[in-house]
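Chains as they are written, first to last, in our numbering: chain H, 1 to 310; chain Z, 1001 to 1202.
In case anyone wonders, no lab produced these hints; they're calculated from the structure.
There's no promise every hint is true.
Unchecked claim - List time: in silico EDC-like cross-link candidates among lysine to aspartate or glutamate, alpha-carbon distance up to 20 angstroms:
(1) K294(H) <-> E267(H)
(2) K1177(Z) <-> E148(H)
(3) K1095(Z) <-> E1081(Z)
(4) K200(H) <-> E128(H)
(5) K304(H) <-> E128(H)
(6) K88(H) <-> D1184(Z)
(7) K88(H) <-> D1061(Z)
(8) K88(H) <-> E1070(Z)
(9) K304(H) <-> D220(H)
(10) K1077(Z) <-> D80(H)
(11) K1095(Z) <-> D269(H)
(12) K1150(Z) <-> D1191(Z)
(13) K1111(Z) <-> D1184(Z)
(14) K271(H) <-> E1086(Z)
(15) K271(H) <-> D1066(Z)
(16) K1150(Z) <-> D1030(Z)
(17) K1077(Z) <-> E266(H)
(18) K167(H) <-> E135(H)
(19) K293(H) <-> E205(H)
(20) K1139(Z) <-> E1070(Z)
(21) K1180(Z) <-> E148(H)
(22) K271(H) <-> D212(H)
(23) K1077(Z) <-> E148(H)
(24) K1129(Z) <-> E266(H)
(25) K88(H) <-> E1086(Z)
(26) K1094(Z) <-> D1066(Z)
(27) K1177(Z) <-> E1165(Z)
(28) K127(H) <-> D105(H)
(29) K1095(Z) <-> E1070(Z)
(30) K44(H) <-> D80(H)
(31) K271(H) <-> D1122(Z)
(32) K294(H) <-> D1061(Z)
(33) K293(H) <-> E1199(Z)
(34) K1077(Z) <-> E128(H)
(35) K1129(Z) <-> E148(H)
(36) K294(H) <-> E1165(Z)
(37) K88(H) <-> D1183(Z)
(38) K271(H) <-> E1199(Z)
(39) K271(H) <-> E1070(Z)
(40) K134(H) <-> D105(H)
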Amino acid sequence: MNRQLKNISRKRPLFLAFLLVCGIITASAEDGSRLDTTPLSTRKQAISFLEKQADLRPSNFWPNVNPVIFIQNLRNNLEDPLSIHEGKSTNFCAYAALSYIPLHDDPLGFIKFMLKIYKEGKAIYGKEYFEPSKEVKLAAGTLTFKGELDIRPADQLWFMLLADHFKGYLNFFDKQYNPGDENRLWAAVNFAKYNRMVRKLFNYEVTAVGSDLFKPGIRDMYEYLADKLATGIVTLFVNNVNLYKRNQTRLKFGVPTHFVILLAVEEVDNKIAITYWDYGGRTRMLITERFFKKILFGVSHATKKTADAR
Amino acid sequence: MRGKAVYTISVLCLLLLLASCTSSKVFSTDYYNQHEKTLSEIEQSYKKLYEQNRFSVGFTDRSFNDISLEIFTDSIKYIYEFSINEPRFLDTLKKFDLPVQGIVDLINKMKSIQCIWVNNLDYYSNNQKRSLVFLSIRKLAFHLPFLNEKYYILTFYSQPQYFDEQGRLLSTRRQRKLRKINDDIFHRINDKVCYTVSERFR
C-alpha cells in the first residue's frame, strides 16, 4: 500500500495534492457539523441579561421606539412568550408565529439581537445580516389601530425588520415599505419564505409538506400531526377565513393566509381537537378531519440540530 | 317575442343595478333607527354578560341555525360550533358556568334582527386600553354569486367619540387622524355609535 502511494506520489503529484485537499475539507466539515447546532438558552439567562440594560438610551436609529417601553415589551415577551401579538389586520402572522421558536428555545439570542439592532441599527441573527431601511426605522413604534400591537414597539420593530429583510414572490410588487404596508403584500409571507426564515435565523432542521396552492395530502391527520409534535415545533399554514368563519359566502376559494403554531392535538369523538397559538394566546378548537383537510395547506416541522443527533 | 326578451333582460339588469347601488349610509341609519331598541338591548345585555364571563357569539350560516361560540378563560380561548337546538350547546354553557338564559335570550334577540355577530373589541387610545361592542348585520338584499357578501358593522362606545366634518370617526379630538377598526373607516350614527360596511363580519 505504502509502495503504491510512493509510486503515485512520484508519478502523480497532482493526484496526491487532490487527496490532501479532500482530507482537509472532510475534516473541517466534520468540525463544522459538530458546531452546526441550534443555539439554545434559558429564559432565566435572558431576563438576567435584560436586567443589565436598565439604562438603555434612546436610539438614533429608531426614533419612535421609546427605550423604556422597548425593554418592557421585551420583558413581557420573555415572561409570557405566548403574549406576542401580530396585531389586528396586519400581515405579520408569520413573523409572530416564528417568534415562538426563539422565545421558547433561545430567548437570550433573541434579546441580544434586539438590543444590538436597537443600539446600532444593524446586527446579525443566525446567518442573516440585518440593516433595515430608513422607512422601517422611522415607522417602527408608530403603528396604530392594530390592537395590542399598538403598545408593543419592540414587536413592531421585530416584525417590520423581518418583513423588510426577507422577500418572497408575494413581495415582488411591494418591496419598499410605505405607510400602511404592514397590511399589504409588503408584509406577506409564502410557505417557502416562512421555512427559509426559520432555517436561516434559528438554525433548525426544517421539513415541510404542502404549498401555497396545493394541500399536503396527509392521510391520517391526527397521527401525522401527533408524530410531528412529539419531535419538534409544528407550524400550520391555514386558511384564516375558514378557520375563524369571517364571512358566510358559500363559494369560498381557499387560499392559505395564516400561520399558527400547533401546541397540541387530540382525538375526541371522531373529531380532532387542536390547540394552537395565534393572536397573543392559545385557542382550542374541535373540528372534523374533513374540515381540517379543507383549511390546511402546509405543515412545517422544525427540529433542533443537536450534536447528539449527528 | 325577441323585443319582450330584451325588455325582460333590461328590467332585470336595472333591478340588479339598483340593488347594488343601495346607499350603505341609508341602510345603516335606517336599520339602526328601525331596530334601535333591540340593538341597544343587545349591547347592554352583552356588556353585562361579558363582565361575568368573557365570550363572543354569532351565527355562521345564512339560515341562523348554526352558531359559533368563543369562550375566553385566563389561559385559553375555546371555539365551539353548534346547531342552535343542539343539547351540546346548553351543556357547554353550563360546563363553563355561563348564564344560560341570558345567552339564549341574547341569541334570540340577535336572530330577530338578523344580527350575526357580537363581540367585545379592545382598542388603544393614547396608549390606554378601551373596549367597544362590535355588532355585525347581514344585509338581506339580493346577493350576486361569486361576489363577496357585505356586512354592516355597528360599533358601540362607552364614551362619546370625535368625528370630522364628513362624520368619519377620529382617533382623538386633537389628532385629526381617522381611527380604523379592523382596517375599516367608521362613520357616525350618533356620538357613541358608528357604522361601516365590510366584507368580513368579524
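Consistency of the hints with the structure:
no.: 1; hint: K294(H) <-> E267(H); verdict: 18 angstroms, holds
no.: 2; hint: K1177(Z) <-> E148(H); verdict: 19 angstroms, holds
no.: 3; hint: K1095(Z) <-> E1081(Z); verdict: 15 angstroms, holds
no.: 4; hint: K200(H) <-> E128(H); verdict: 7 angstroms, holds
no.: 5; hint: K304(H) <-> E128(H); verdict: 18 angstroms, holds
no.: 6; hint: K88(H) <-> D1184(Z); verdict: 11 angstroms, holds
no.: 7; hint: K88(H) <-> D1061(Z); verdict: 24 angstroms, violated
no.: 8; hint: K88(H) <-> E1070(Z); verdict: 18 angstroms, holds
no.: 9; hint: K304(H) <-> D220(H); verdict: 25 angstroms, violated
no.: 10; hint: K1077(Z) <-> D80(H); verdict: 16 angstroms, holds
no.: 11; hint: K1095(Z) <-> D269(H); verdict: 18 angstroms, holds
no.: 12; hint: K1150(Z) <-> D1191(Z); verdict: 24 angstroms, violated
no.: 13; hint: K1111(Z) <-> D1184(Z); verdict: 25 angstroms, violated
no.: 14; hint: K271(H) <-> E1086(Z); verdict: 17 angstroms, holds
no.: 15; hint: K271(H) <-> D1066(Z); verdict: 18 angstroms, holds
no.: 16; hint: K1150(Z) <-> D1030(Z); verdict: 17 angstroms, holds
no.: 17; hint: K1077(Z) <-> E266(H); verdict: 16 angstroms, holds
no.: 18; hint: K167(H) <-> E135(H); verdict: 16 angstroms, holds
no.: 19; hint: K293(H) <-> E205(H); verdict: 25 angstroms, violated
no.: 20; hint: K1139(Z) <-> E1070(Z); verdict: 24 angstroms, violated
no.: 21; hint: K1180(Z) <-> E148(H); verdict: 14 angstroms, holds
no.: 22; hint: K271(H) <-> D212(H); verdict: 26 angstroms, violated
no.: 23; hint: K1077(Z) <-> E148(H); verdict: 17 angstroms, holds
no.: 24; hint: K1129(Z) <-> E266(H); verdict: 36 angstroms, violated
no.: 25; hint: K88(H) <-> E1086(Z); verdict: 33 angstroms, violated
no.: 26; hint: K1094(Z) <-> D1066(Z); verdict: 19 angstroms, holds
no.: 27; hint: K1177(Z) <-> E1165(Z); verdict: 13 angstroms, holds
no.: 28; hint: K127(H) <-> D105(H); verdict: 17 angstroms, holds
no.: 29; hint: K1095(Z) <-> E1070(Z); verdict: 14 angstroms, holds
no.: 30; hint: K44(H) <-> D80(H); verdict: 13 angstroms, holds
no.: 31; hint: K271(H) <-> D1122(Z); verdict: 32 angstroms, violated
no.: 32; hint: K294(H) <-> D1061(Z); verdict: 18 angstroms, holds
no.: 33; hint: K293(H) <-> E1199(Z); verdict: 25 angstroms, violated
no.: 34; hint: K1077(Z) <-> E128(H); verdict: 36 angstroms, violated
no.: 35; hint: K1129(Z) <-> E148(H); verdict: 9 angstroms, holds
no.: 36; hint: K294(H) <-> E1165(Z); verdict: 46 angstroms, violated
no.: 37; hint: K88(H) <-> D1183(Z); verdict: 8 angstroms, holds
no.: 38; hint: K271(H) <-> E1199(Z); verdict: 30 angstroms, violated
no.: 39; hint: K271(H) <-> E1070(Z); verdict: 18 angstroms, holds
no.: 40; hint: K134(H) <-> D105(H); verdict: 31 angstroms, violated
In summary, the numbered hints that this structure violates are 7, 9, 12, 13, 19, 20, 22, 24, 25, 31, 33, 34, 36, 38, 40.
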